[in-house]
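Peer 1: Listed below are the residues making up each chain.
Protein chains: 2
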Amino acid sequence: MNEVALVEWIKKHAATPRTRDLILGIGDDCAILRPRQNEDLLLKTDPLIENVHFTTEMRGEIVGARALSRSLSDIAAMGGEPRYCLVSLGVGPRHDERWIKAFFRGLLRVARKTNTVLAGGDLSHSTRETHTDIMLCGAVPKGTALRRDGAKPGDILYVSGKLGKPWDRPIHPRLELGQQLRGLATSCMDLSDGLSLDLTRLCKASNVSAQLEYIPVFAGSTLERALSGGEDYELLFTVPAHKKAPAGARRIGIIQRGQPGRIFFEGQRLTPRGYDHFATSESPQRTK
Amino acid sequence: MNEVALVEWIKKHAATPRTRDLILGIGDDCAILRPRQNEDLLLKTDPLIENVHFTTEMRGEIVGARALSRSLSDIAAMGGEPRYCLVSLGVGPRHDERWIKAFFRGLLRVARKTNTVLAGGDLSHSTRETHTDIMLCGAVPKGTALRRDGAKPGDILYVSGKLGKPWDRPIHPRLELGQQLRGLATSCMDLSDGLSLDLTRLCKASNVSAQLEYIPVFAGSTLERALSGGEDYELLFTVPAHKKAPAGARRIGIIQRGQPGRIFFEGQRLTPRGYDHFATSESPQRTK
Numbered sequence: 001m002n003e004v005a006l007v008e009w010i011k012k013h014a015a016t017p018r019t020r021d022l023i024l025g026i027g028d029d030c031a032i033l034r035p036r037q038n039e040d041l042l043l044k045t046d047p048l049i050e051n052v053h054f055t056t057e058m059r060g061e062i063v064g065a066r067a068l069s070r071s072l073s074d075i076a077a078m079g080g081e082p083r084y085c086l087v088s089l090g091v092g093p094r095h096d097e098r099w100i101k102a103f104f105r106g107l108l109r110v111a112r113k114t115n116t117v118l119a120g121g122d123l124s125h126s127t128r129e130t131h132t133d134i135m136l137c138g139a140v141p142k143g144t145a146l147r148r149d150g151a152k153p154g155d156i157l158y159v160s161g162k163l164g165k166p167w168d169r170p171i172h173p174r175l176e177l178g179q180q181l182r183g184l185a186t187s188c189m190d191l192s193d194g195l196s197l198d199l200t201r202l203c204k205a206s207n208v209s210a211q212l213e214y215i216p217v218f219a220g221s222t223l224e225r226a227l228s229g230g231e232d233y234e235l236l237f238t239v240p241a242h243k244k245a246p247a248g249a250r251r252i253g254i255i256q257r258g259q260p261g262r263i264f265f266e267g268q269r270l271t272p273r274g275y276d277h278f279a280t281s282e283s284p285q286r287t288k
Numbered sequence: 001m002n003e004v005a006l007v008e009w010i011k012k013h014a015a016t017p018r019t020r021d022l023i024l025g026i027g028d029d030c031a032i033l034r035p036r037q038n039e040d041l042l043l044k045t046d047p048l049i050e051n052v053h054f055t056t057e058m059r060g061e062i063v064g065a066r067a068l069s070r071s072l073s074d075i076a077a078m079g080g081e082p083r084y085c086l087v088s089l090g091v092g093p094r095h096d097e098r099w100i101k102a103f104f105r106g107l108l109r110v111a112r113k114t115n116t117v118l119a120g121g122d123l124s125h126s127t128r129e130t131h132t133d134i135m136l137c138g139a140v141p142k143g144t145a146l147r148r149d150g151a152k153p154g155d156i157l158y159v160s161g162k163l164g165k166p167w168d169r170p171i172h173p174r175l176e177l178g179q180q181l182r183g184l185a186t187s188c189m190d191l192s193d194g195l196s197l198d199l200t201r202l203c204k205a206s207n208v209s210a211q212l213e214y215i216p217v218f219a220g221s222t223l224e225r226a227l228s229g230g231e232d233y234e235l236l237f238t239v240p241a242h243k244k245a246p247a248g249a250r251r252i253g254i255i256q257r258g259q260p261g262r263i264f265f266e267g268q269r270l271t272p273r274g275y276d277h278f279a280t281s282e283s284p285q286r287t288k
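These protein sequences, in sequence, are chains G and Y. Mapping the first sequence onto this note's numbering, position 27 (from 1) lands on 27, and the numbers just tick up by one. Mapping the second sequence onto this note's numbering, position 110 (from 1) lands on 110, and the numbers just tick up by one.
Chain G with its partners taken away, still in its complex shape (with noise of 0.2 Å):
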C-alpha cells in the first residue's frame, strides 16, 4: 500500500456529514474552514511519541484514541467544543499498516463520539520510532474562554474526578463539565502533569497561593501519585465561594492571598513536582 491509497483509506473512514464550517478537508494544502460570528477559536497541538508516552506493544485503536482524547482535555480545559483536528503521524519500523489503520479507527472513534472532524494532516516513515501530533482547533462562544489566570483568594478549588490513576486507561475528556463551568469558573486547567505541579501553574498565572485540604486518590494509588503524577485529565478549576460548582466536583482546598504559585499541604509547603520533560535531576524520567 502506498500514501496515496493509505490517504484515500483514511479518507473514506473519516467521512462524516458534519462540515459545516468545513470548506475543504482532507487532499488539498490546507484545510480550510469558515469561522462562525461571535465565537473564539481554541488551537491547541499535542504529540504523542513511542517510548515516551506510549509503548510500542500497545494497540494502535488505543494509542489513537488516547493520542486524540489528550488535545480534547486541553480543549475541555478552556471550555470549547471540539471541531476539528489534524493528525500528523510518523511510522517507525515496528509498525506496519495494520496498526496505522487501527491507529486511525480509534482516532475516528473519539472524533465521532466528540464531534471532532478529521480535516487533514501528514504522514510520513519514521527511522525509528513512531510520533504523532494531533493539532486540535475548538470554539467557544466570544469571551467565554476558560483560562488559567483568573483565580480569587477565596475561590473554592475543585476537580473533576480522582487522582493518581493508572497512566494508560482510557481518557474521557470532561468536555461536558468545561462547557458547564463557562461563567462559573475563574480559572481552569486540565491535570496533565500532576496536581502539585499544574497547581503551581495555576497559582503562578493567577497571582495567588493555594491552600490544599483533601486530596482525593484513586482507589489502589497512592498520596505521592496523586499529587504529583501524570496524565490524569482532569479538570482543575476554581469556582468564587458563593457559587455553586456542577454535580461531581470534588473541593479539594482553596485559593488565598500569597507568594504567587506556593501551595500549603497539612501545614507544610509542597514542593511541586511532576513530569518534566527536561529536568535533569529534580523528576525521574519515566514513560508518561
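Watch out, some of these pointers could steer you wrong.
Identical chains share a label here; the pair holds if one copy fits it or two copies do between them.
To be verified - No farther apart than 30 Å at their CA atoms in a straight line, the calculated lysine-lysine pairs in the DSBU-like style are these:
#, residue 1, residue 2
1, Lys11, Lys152
2, Lys101, Lys204
3, Lys142, Lys12
4, Lys244, Lys162
5, Lys11, Lys204
6, Lys152, Lys12
7, Lys12, Lys204
8, Lys11, Lys113
9, Lys244, Lys11
The hints are simulated quantities; they were obtained by calculation from the structure and are not laboratory data.
Using the hints, position chain Y against chain G.
Peer 2: Structure of chain Y alone, referenced to chain G:
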C-alpha cells in the same frame, strides 16, 4: 534548564506586538484567537523528522527555519496570509538545549519576516530521533482560497521557479505570489513531492489531463530530478489562457481533457514518480 525555564525563554523571544487577533498565546491549555469577519481560515500541520527530513548534524537555525518555511509554503499555495503557528518539538538525545534555542531562533526569524505569531506548542523529550511538527493557521478573504481542484481544459500551467533544487537549501515560501494568484489562478498547489507526482494529484483533483511543454531545470540539476525530486516548494498553478500570469511565472504546459491525472511530455505518458513515504518498491527511499 527545565521545561518551565525553556518555555519562558521561548515566550520572551517570541514576543511581538503583532497579536491583533490573538487573545491568548503561549502558556495556557490552548491558544485563543478571535477570527476576523469575512475571512476563511487555513489549517496545516507538517512534520520534520531527524534522519528523514533533516540530518542530525544540521544546525538548529537551519532546521527551525526550514520547519516553518515548509508549512508556510502550503499557506502560500492556498493564497493565504500566515497568522499563527504552534510548534511541537520532541528532542532526542543527540540534541541539547543550545540546539533547541538555535532551532527556535531560526524559526522565529522566519516567523518575524512573514508576520507569523508563535502562539503555542509543546516541548517533550524523545528517546531516539528529534522531531518537530508545525501547525500553521493562515487566512484568506472569504471564498478566495486557491484549491487544486479547479483546473480547466485550456488553462495554462505555470510554476513559480526552477525545479530540481538541492533539498537542503533555504526555502523561500511564495507567499506574495500566492496572494497575487487569488481570483486569477483556477488551481494551485505547492511542489513538495516532485512535479510528476504533484501534477498528477492536481490533475486528478481537477478531473483533467496535462500536456507538459517545457521543464525549467535548476542549474546543475537534471531533468529526472526536476520531474521527480521533492522539496522544491515552488507553486504549481493554472491560469485561464486569456489572462496574464504574474511576472516571474514560467509556462510549462497546458491543461487538456483526458483521463484524469494523466500527464504527457515529449509525446509520451509520464509515470508519476516522486517521494512516497509508504512506497514498497516504486520509489527509492531517501532523505528528503
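Peer 1: Tell me, please, which holds for Lys11 and Lys152 at an alpha-carbon limit of 30 Å: within, between, both or neither?
Peer 2: Intra 47 Å, inter 25 Å, cutoff 30 Å: inter-copy only.
Peer 1: Check Lys244 against Lys162 for me: Cα-Cα at most 30 Å, and say if that holds within a copy, between copies, both or neither.
Peer 2: Classified as within; 20 Å inside a copy, 65 Å across copies.
Peer 1: First find the shortest C-alpha distance between Lys152 and Lys12 inside one copy, then the shortest across copies, and answer within, between, both or neither for a cut-off of 30 Å.
Peer 2: between (49 Å within a copy, 26 Å between copies)
Peer 1: First find the shortest C-alpha distance between Lys142 and Lys12 inside one copy, then the shortest across copies, and answer within, between, both or neither for a cut-off of 30 Å.
Peer 2: between (34 Å within a copy, 27 Å between copies)
Peer 1: Regarding Lys11 and Lys204, is the shortest C-alpha distance of 30 Å or less found within a copy, between copies, in both, or in neither?
Peer 2: Between. Shortest inter-copy distance 15 Å satisfies the 30 Å Cα cut-off; intra-copy 43 Å does not.
Peer 1: State whether the alpha carbon distance between Lys244 and Lys11 is at most 30 Å within one copy, between copies, both, or neither.
Peer 2: neither (44 Å within a copy, 36 Å between copies)
Peer 1: Using 30 Å as the alpha-carbon threshold, which applies to Lys12 and Lys204: within, between, both, or neither?
Peer 2: This pair counts as between: shortest inter-copy Cα distance 17 Å, intra-copy 46 Å.
Peer 1: Under a CA distance limit of 30 Å, which applies to Lys11 and Lys113: within one copy, between copies, both, or neither?
Peer 2: Only inside one copy: Lys11 and Lys113 sit 18 Å apart there, 35 Å across copies, limit 30 Å.
Peer 1: Using 30 Å as the alpha-carbon threshold, which applies to Lys101 and Lys204: within, between, both, or neither?
Peer 2: between (42 Å within a copy, 24 Å between copies)
In this structure, only the earlier hint numbered 9 is contradicted, and the remaining ones agree with it.
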